[in-house]
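So the protein lines, in turn, are chains A and B. Its first residue numbered 1, the first sequence is counted upward by one per residue in the working numbering. Its first residue numbered 44, the second sequence is counted upward by one per residue in the working numbering.
Hint data in this document are derived by calculation from the structure and do not stem from the laboratory. Virtual Cβ for every residue (Gly too), placed ideally from N, Cα, C. It cannot be assumed that every hint is accurate.
[Unchecked claim] Simulated restraints on C-beta separations:
#1 Val93/B x Arg30/A: 47 to 53 Å
#2 Arg97/B x Met1/A: 32 to 38 Å
#3 Thr197/B x Met1/A: 39 to 45 Å
#4 Thr197/B x Arg30/A: 22 to 28 Å
#5 Leu18/A x Ala117/B: 18 to 24 Å
#6 Lys106/B x Met1/A: 17 to 23 Å
#7 Val7/A x Asp194/B: 25 to 31 Å
#8 Ala56/B x Arg30/A: 15 to 21 Å
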Amino acid sequence: MLVLNLVLIGVAIALDPLPLTAFLVVLPSRRGTVKGGRSCSAG
Amino acid sequence: MFGWLISLVAVVAITIAATGNNPPKPATVPSLASLAIKIALGAVLVRIAVRHIRARSQPKPPKKPPKWQEHVDAMSPWFAMGLAPALQPWVLIGTGVATVVEAKLDSWQSFLALFGYCVLASSSYLAMEIYAVARPGPAQELLARFRTKIDTHTDQAIIAGSLIIGFWLIANSLYLIVSQTAST
């Protein structure tokens, strides 16, 4: 039951549209991949 | 991404540390309290869904984007890292915490379950980040399409997700409370 609960909550967190929208604003921005957490840039 | 992952892992680690890796026994006050918290959080999620259902029937005024979005190109990576915890879905993180309270890390399976939870909760962000680094050109186009889709389906996603998780938490926790108290 614990694993089922964690899977359900994990999926819900991963697909929550509000933080996803924020991430989708940051990632395509200038040096967005750095801000997204990597040390190389998309442009 | 790091800010997101760090805050998620920190919440899980603090929860495990707080329980002393010794989850509360069934039918004890801490166990019943964690189930009551889950019911309360489930009710909050159902309330969020109801509010969005009601708001859908009313005309929406154009929404002004948050201030930080206007300066996103000039934003420093440190600011982005600090922004991540602020944008976490804390009601869902709270339900995760109330669930992690029941975990006992005494086998590789339990470690794997908690590690899998952190990876699963971050999977959409990890996938987008990896794709944007590996194929920057196509990723820009895909991310723009993805954002348009999310913008037009935000309400439906919030309503469906909140109702499913909310009712599941309420039903599951009520069942556990009834079965735990009946067996004592």
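Okay, the hints, checked on the actual structure:
Separation of Val93/B from Arg30/A is about 40 Å and departs from the stated range, judged on CB atoms against 47 to 53 Å. Checked against the hint of 32 to 38 Å, the pair Arg97/B and Met1/A passes, with Cβ atoms roughly 33 Å apart. Here the CB-CB span from Thr197/B to Met1/A is close to 31 Å, at odds with the stated 39 to 45 Å. At about 25 Å, the CB distance of Thr197/B to Arg30/A agrees with the hint of 22 to 28 Å.
Restraint check, Leu18/A to Ala117/B: a C-beta distance of roughly 23 Å satisfies the suggested window 18 to 24 Å. Checking the proposed 17 to 23 Å range against Lys106/B and Met1/A shows it is violated: the Cβ atoms sit about 39 Å from each other. Taken as a hint, the range 25 to 31 Å holds for the pair Val7/A and Asp194/B, whose Cβ atoms sit roughly 27 Å apart. In this structure the hint that Ala56/B and Arg30/A lie 15 to 21 Å apart at CB is violated, the actual value being about 34 Å.
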